[in-house]
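Engineer: In case you want the letters, here they are:
2 protein chains.
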Amino acid sequence: MDKILRIDMGAEGGPQAKETPLGEYAGFGGRAMTSAIVSKEVPPLCHALGAENKLVIAPGMLSGTIAAMSGRISVGCKSPLTGGIKEANAGGQAAQVLARLGYAAIVLEGKPKDDALHKIFINKDGVKIVPDNNLRMLPNYDLIEKMKTEYGDKIACISIGPAGEMKMSAASVACTDMELRPTRHAGRGGVGAVMGSKGVKVIVLDDSGMKMRPPKDPEKFKEANKKFVEGLRQHPVTGQGLPAYGTNVLTNILNEVGGYPTYNFKEGKFESAGKISGETQAELEVKRGGLATHGCHRGCVIQCSGVYHDKDGHYLTKQPEYETVWAHGGNCGIGDLDAIAMLDFLDDNYGLDTIEMGATIGVAMEAGLAKFGDAEAAINMVKEVGKGSYLGRILGNGAAFTAKAFGVERAPVVKGQAMPAYDPRAVQGVGVTYATSPMGADHTAGYAVAQNVLKVGGDVNALKPEGQVELSRNLQIATAAIDSTGMCLFIAFAVLDQPDTFQALLDLLNAFYGLNLTADGVTELGKKVLTMERDFNARAGFTAQHDRLPRFFKTEKFAPHNVTFDVKDEDLDKVFNW
Amino acid sequence: MDKILRIDMGAEGGPQAKETPLGEYAGFGGRAMTSAIVSKEVPPLCHALGAENKLVIAPGMLSGTIAAMSGRISVGCKSPLTGGIKEANAGGQAAQVLARLGYAAIVLEGKPKDDALHKIFINKDGVKIVPDNNLRMLPNYDLIEKMKTEYGDKIACISIGPAGEMKMSAASVACTDMELRPTRHAGRGGVGAVMGSKGVKVIVLDDSGMKMRPPKDPEKFKEANKKFVEGLRQHPVTGQGLPAYGTNVLTNILNEVGGYPTYNFKEGKFESAGKISGETQAELEVKRGGLATHGCHRGCVIQCSGVYHDKDGHYLTKQPEYETVWAHGGNCGIGDLDAIAMLDFLDDNYGLDTIEMGATIGVAMEAGLAKFGDAEAAINMVKEVGKGSYLGRILGNGAAFTAKAFGVERAPVVKGQAMPAYDPRAVQGVGVTYATSPMGADHTAGYAVAQNVLKVGGDVNALKPEGQVELSRNLQIATAAIDSTGMCLFIAFAVLDQPDTFQALLDLLNAFYGLNLTADGVTELGKKVLTMERDFNARAGFTAQHDRLPRFFKTEKFAPHNVTFDVKDEDLDKVFNW
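Protein chains in written order, with my numbering: chain A, 14 to 591; chain B, 14 to 591.
To be clear, the hints were calculated from the coordinates, so they are not data collected in a lab.
Incorrect hints may have been included.
Same chains, same names: a pair is fine if it fits in one copy or spans any two.
[As the list claims (entries may be wrong)] Derived DSSO-like pairs: lysine-lysine, alpha-carbon spacing no greater than 30 angstroms straight-line:
{"no.": "1", "residue 1": "Lys126", "residue 2": "Lys567"}
{"no.": "2", "residue 1": "Lys224", "residue 2": "Lys235"}
{"no.": "3", "residue 1": "Lys396", "residue 2": "Lys384"}
{"no.": "4", "residue 1": "Lys288", "residue 2": "Lys384"}
{"no.": "5", "residue 1": "Lys282", "residue 2": "Lys235"}
{"no.": "6", "residue 1": "Lys31", "residue 2": "Lys229"}
{"no.": "7", "residue 1": "Lys384", "residue 2": "Lys400"}
{"no.": "8", "residue 1": "Lys396", "residue 2": "Lys239"}
{"no.": "9", "residue 1": "Lys239", "residue 2": "Lys468"}
{"no.": "10", "residue 1": "Lys581", "residue 2": "Lys124"}
{"no.": "11", "residue 1": "Lys279", "residue 2": "Lys239"}
{"no.": "12", "residue 1": "Lys235", "residue 2": "Lys587"}
{"no.": "13", "residue 1": "Lys567", "residue 2": "Lys31"}
{"no.": "14", "residue 1": "Lys300", "residue 2": "Lys229"}
{"no.": "15", "residue 1": "Lys324", "residue 2": "Lys477"}
{"no.": "16", "residue 1": "Lys31", "residue 2": "Lys400"}
{"no.": "17", "residue 1": "Lys159", "residue 2": "Lys126"}
{"no.": "18", "residue 1": "Lys141", "residue 2": "Lys540"}
{"no.": "19", "residue 1": "Lys159", "residue 2": "Lys240"}
{"no.": "20", "residue 1": "Lys300", "residue 2": "Lys587"}
{"no.": "21", "residue 1": "Lys240", "residue 2": "Lys53"}
Could you put together the complete structure from these sequences and hints?
Structural biologist: Below you can see the structure in the form of structure tokens.
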């Protein structure tokens with residue numbers, strides 16, 4: 014990871030790859046790397062689908078090492094969905110393989126002169142960029158089968174589906190998992206559309222012949238990793254809840270506290286929550302011969318994922334995440350796990366953000382295109398997106414776009430990006446994160462659900478504005494740092510609760526890089542990342558007025574607690590005062 | 014005009030009208046009135062289609078008097094197209110009739126509880142608000158026929174077509190002309206969508222029994238009007254060019270100087286310009302029994318309009334304006350006046366902004382939905398909008414929206430609003446207006462074409478950046494003032510060139526209101542209006558970064574002069590330094 018691979022897709026005579034030294038980006042990984050390059054090199058007022066935008070793909074600081082949980086890969090660019098800076102990250106195998114190939118980042122630049130579609134193959138011998146129009150409009154699963162035939166099964170792939178090719182703002186970048194399935198998505202903000210605009214369908218990575226990245230102090234590193242893993246196993250969330258039921262353990266919890274948005278953010282309890290909960294899902298998975306406990310990449314010790322089989326016992330999709338189950342489930346009034354799993358599969362296959370798509374279907378249902386609860390209609394809607402029909406062109410550009418197309422006022426978005434599975438009125442801390450994150454509405458940017466609802470790492474009343482700004486500030490800083498390490502964000506449960514586990518994380522970084530990083534150093538890194546991101550956004554025209562929730566969250570009371578979002582504007586403006 | 018009519022469409026128990034005194038809005042008219050009310054009363058971050066937005070309809074300061082040319086009516090709101098403040102104005106009879114009914118403004122507030130559609134009838138006896146769902150989805154021409162049957166032919170109507178009902182961002186508000194046809198549109202910025210969101214289909218005005226508004230000094234007023242009319246008749250543009258050929262006299266002129274954008278702003282000359290020029294159009298109109306010289310409202314002495322008949326000699330539409338002929342003609346590669354006239358009719362009938370629709374079709378053609386030059390395809394596209402099909406929902410929301418739906422980078426818009434018929438690279442002064450006007454791209458906001466091309470009111474080289482900022486500043490100030498008087502903007506040609514005619518305009522205002530307004534006073538009014546508008550936009554989140562042209566105008570050279578837009582960003586930021 015001592016070099017950057019830059020591929021100019023618009024070079025005269027066809028795409029050209031070159032390696033450049035890290036230079037000023039040395040020491041960065043993951044989100045710090047993508048946000049540094051985008052903030053420095055992309056003109057903030059450029060068109061997100063134009064030659065001036067860049068797509069940056071970066072493994073984390075610890076990716077490619079033996080450190081547990083270090084398999085996150087960051088994808089950054091100017092977002093076609095929000096118009097601001099974007100970092101979306103994913104699990105799967107790509108981070109580890111890319112890191113072992115020695116690249117701290119791949120940067121896709123320029124724009125092809127023609128409309129040819131390309132595959133990029135990278136192994137120990139170098140980089141091959143091949144035009145291949147036979148890949149056009151292939152769904153991700155078919156594409157990966159084709160890549161296996163061409164390149165064998167020792168590969169990891171980063172790809173787009175038809176949605177990315179059609180440059181839709183809900184298009185994701187898919188990464189393959191341990192089974193070489195395209196199930197791990199950098200979903201948010203339309204990063205797939207930017208990859209599509211660069212004329213790149215798939216990046217195939219093969220690290221055969223490459224070694225695990227060596228730490229500066231191998232003994233200390235090994236020791237730190239052991240303590241880190243122990244900490245994760247011992248915490249109830251990372252050691253029990255997530256392995257047993259996955260992220261979907263949250264359905265019952267959020268529904269219980271009345272913070273589960275249903276029917277396009279109308280009310281906080283879903284009568285069919287029990288039918289789609291993590292508990293029900295895990296039981297069904299096991300019964301049908303799937304898996305309720307499974308990792309998305311080698312080195313994962315939390316194992317929050319699973320494998321979902323259909324009624325006949327055949328693979329349908331990976332275990333849908335809580336946010337996906339909510340987006341296509343409660344938010345659309347759909348209480349049917351098989352329908353939700355099918356929607357998850359379709360989203361993955363076409364290359365779509367499940368959160369954006371679920372929120373979009375909710376808006377379309379509010380517009381009257383289908384009745385809430387009509388699973389077949391929801392499935393057909395996603396199929397329209399895959400086809401690129403006119404309706405699909407509307408839906409594939411997300412919830413805000415769909416609301417505008419049909420004149421719907423209630424679009425649950427911030428900076429154009431759909432809100433996830435926690436209502437900001439009943440979980441006010443996450444509302445602060447939605448409003449102020451440079452990424453647009455994003456629960457992962459500062460997961461105050463932990464302190465508001467789960468009571469992990471602190472206890473702040475979810476229904477009151479008090480303390481939420483400070484909470485979100487601290488979480489956004491910590492998250493920006495963790496997103497840079499390549500570590501799965503779920504380590505935060507243990508790291509926030511257990512000082513020893515946090516120290517083990519610091520020790521991992523210090524032993525690997527020969528540093529003396531303290532907690533303050535991590536905070537500084539997080540602040541640095543957020544500052545670069547907010548600076549880009551300011552130059553793109555973002556102001557305090559963009560750090561606001563849609564007004565209906567202030568005026569419509571949310572049952573059962575009958576609360577509105579009560580954090581004052583002037584307090585939202587203090588989130589980044591540090 | 015000593016009161017404001019406020020209609021709360023969301024009142025408990027159904028819509029409620031009440032009259033309020035002018036209060037702080039005393040002395041305002043037209044754009045000054047709409048922008049003052051919107052800026053003061055509408056929360057800048059509200060949803061444009063929500064209850065908090067207000068639609069303000071205001072005749073000008075001199076409307077309803079015997080003053081020539083005083084028939085403009087302003088329609089203002091927060092724009093669903095730009096997200097900023099909007100004033101769009103129209104000719105026709107509505108301004109005069111509303112002014113004589115005594116209202117300085119109608120303000121539509123709130124949002125109906127149900128989705129009922131209403132008609133509002135106003136005469137000397139008061140205001141009636143009647144739900145009438147039989148009007149649903151009626152095109153403007155059919156609607157007006159129905160209103161004539163119900164209310165007689167001594168009325169003037171302000172209405173929306175299906176586009177406004179569907180809350181499309183390209184929807185206009187139509188005003189009837191002297192023949193009681195819905196041909197005069199407050200077109201820009203989606204004001205029709207806001208009227209639709211208020212559940213109001215049509216406002217029928219009947220001034221029977223009302224009198225011409227009396228001036229404070231009738232003699233002076235009459236004398237000033239005489240001089241004013243003389244000045245208009247004596248100027249070559251208002252006395253000859255516009256009466257003979259209408260605004261479409263500009264096709265040959267702009268094409269000749271290479272500033273006529275064709276094929277979605279690709280190049281500056283159109284090979285079929287001669288086929289669609291004002292000269293050709295006037296000849297055809299006369300030959301078919303239409304009119305080449307006609308006014309849009311009583312009291313017009315310029316008579317820049319006309320009546321366009323089809324091949325069989327039947328009325329098809331009013332004489333299409335230059336911007337309409339360009340938008341549906343050269344910009345789409347269409348050199349066929351009959352097709353353009355049909356498109357003009359369809360736009361008027363569905364209630365759509367012709368500029369936005371032409372730019373939208375140009376973008377759709379660039380996206381490959383049809384070939385440039387395919388008139389039948391263009392007509393079908395507008396029909397899709399009228400039907401509200403999924404394609405229509407895309408196109409009806411304008412050029413920026415359509416570009417996003419189809420992943421097209423080259424969207425000729427500023428603040429989301431499509432550019433009109435003058436390329437900003439070859440007419441750099443109007444480029445400054447496009448970039449900086451609080452309205453989004455709008456030629457009427459500061460018509461530097463006069464000095465850049467026509468050499469009226471000054472002479473500034475169209476192809477160079479020098480002098481454009483000062484020019485646009487002065488024009489934007491003057492225009493904001495003229496838009497407040499109710500005067501047709503075309504008086505500016507004579508007023509800018511002839512000091513006597515400018516003095517006559519001042520004398521009209523002074524004699525009517527008993528004022529001592531000087532040129533400085535007019536400038537102050539213009540600055541005041543712009544300041545209110547920019548203040549609203551700033552509170553809505555607009556920054557200097559929004560006062561920019563799309564980047565392709567800086568990077569793509571424009572034939573035949575091979576120029577880019579060269580006014581520097583830092584100079585654009587000086588437009589409002591006064």
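Engineer: Hints first: check each against the structure and report whether it holds.
Structural biologist: Cross-check of the supplied hints:
{"no.": "1", "hint": "Lys126 to Lys567", "verdict": "between (48 angstroms within a copy, 19 angstroms between copies)"}
{"no.": "2", "hint": "Lys224 to Lys235", "verdict": "within (16 angstroms within a copy, 94 angstroms between copies)"}
{"no.": "3", "hint": "Lys396 to Lys384", "verdict": "both (17 angstroms within a copy, 28 angstroms between copies)"}
{"no.": "4", "hint": "Lys288 to Lys384", "verdict": "within (19 angstroms within a copy, 51 angstroms between copies)"}
{"no.": "5", "hint": "Lys282 to Lys235", "verdict": "neither (46 angstroms within a copy, 71 angstroms between copies)"}
{"no.": "6", "hint": "Lys31 to Lys229", "verdict": "within (28 angstroms within a copy, 79 angstroms between copies)"}
{"no.": "7", "hint": "Lys384 to Lys400", "verdict": "both (22 angstroms within a copy, 22 angstroms between copies)"}
{"no.": "8", "hint": "Lys396 to Lys239", "verdict": "neither (46 angstroms within a copy, 68 angstroms between copies)"}
{"no.": "9", "hint": "Lys239 to Lys468", "verdict": "within (26 angstroms within a copy, 80 angstroms between copies)"}
{"no.": "10", "hint": "Lys581 to Lys124", "verdict": "between (43 angstroms within a copy, 26 angstroms between copies)"}
{"no.": "11", "hint": "Lys279 to Lys239", "verdict": "neither (46 angstroms within a copy, 63 angstroms between copies)"}
{"no.": "12", "hint": "Lys235 to Lys587", "verdict": "neither (41 angstroms within a copy, 61 angstroms between copies)"}
{"no.": "13", "hint": "Lys567 to Lys31", "verdict": "between (51 angstroms within a copy, 28 angstroms between copies)"}
{"no.": "14", "hint": "Lys300 to Lys229", "verdict": "neither (46 angstroms within a copy, 90 angstroms between copies)"}
{"no.": "15", "hint": "Lys324 to Lys477", "verdict": "neither (44 angstroms within a copy, 70 angstroms between copies)"}
{"no.": "16", "hint": "Lys31 to Lys400", "verdict": "neither (36 angstroms within a copy, 52 angstroms between copies)"}
{"no.": "17", "hint": "Lys159 to Lys126", "verdict": "within (26 angstroms within a copy, 55 angstroms between copies)"}
{"no.": "18", "hint": "Lys141 to Lys540", "verdict": "neither (37 angstroms within a copy, 60 angstroms between copies)"}
{"no.": "19", "hint": "Lys159 to Lys240", "verdict": "neither (41 angstroms within a copy, 81 angstroms between copies)"}
{"no.": "20", "hint": "Lys300 to Lys587", "verdict": "neither (50 angstroms within a copy, 70 angstroms between copies)"}
{"no.": "21", "hint": "Lys240 to Lys53", "verdict": "neither (37 angstroms within a copy, 61 angstroms between copies)"}
The structure shown violates the earlier hints numbered 5, 8, 11, 12, 14, 15, 16, 18, 19, 20, 21.
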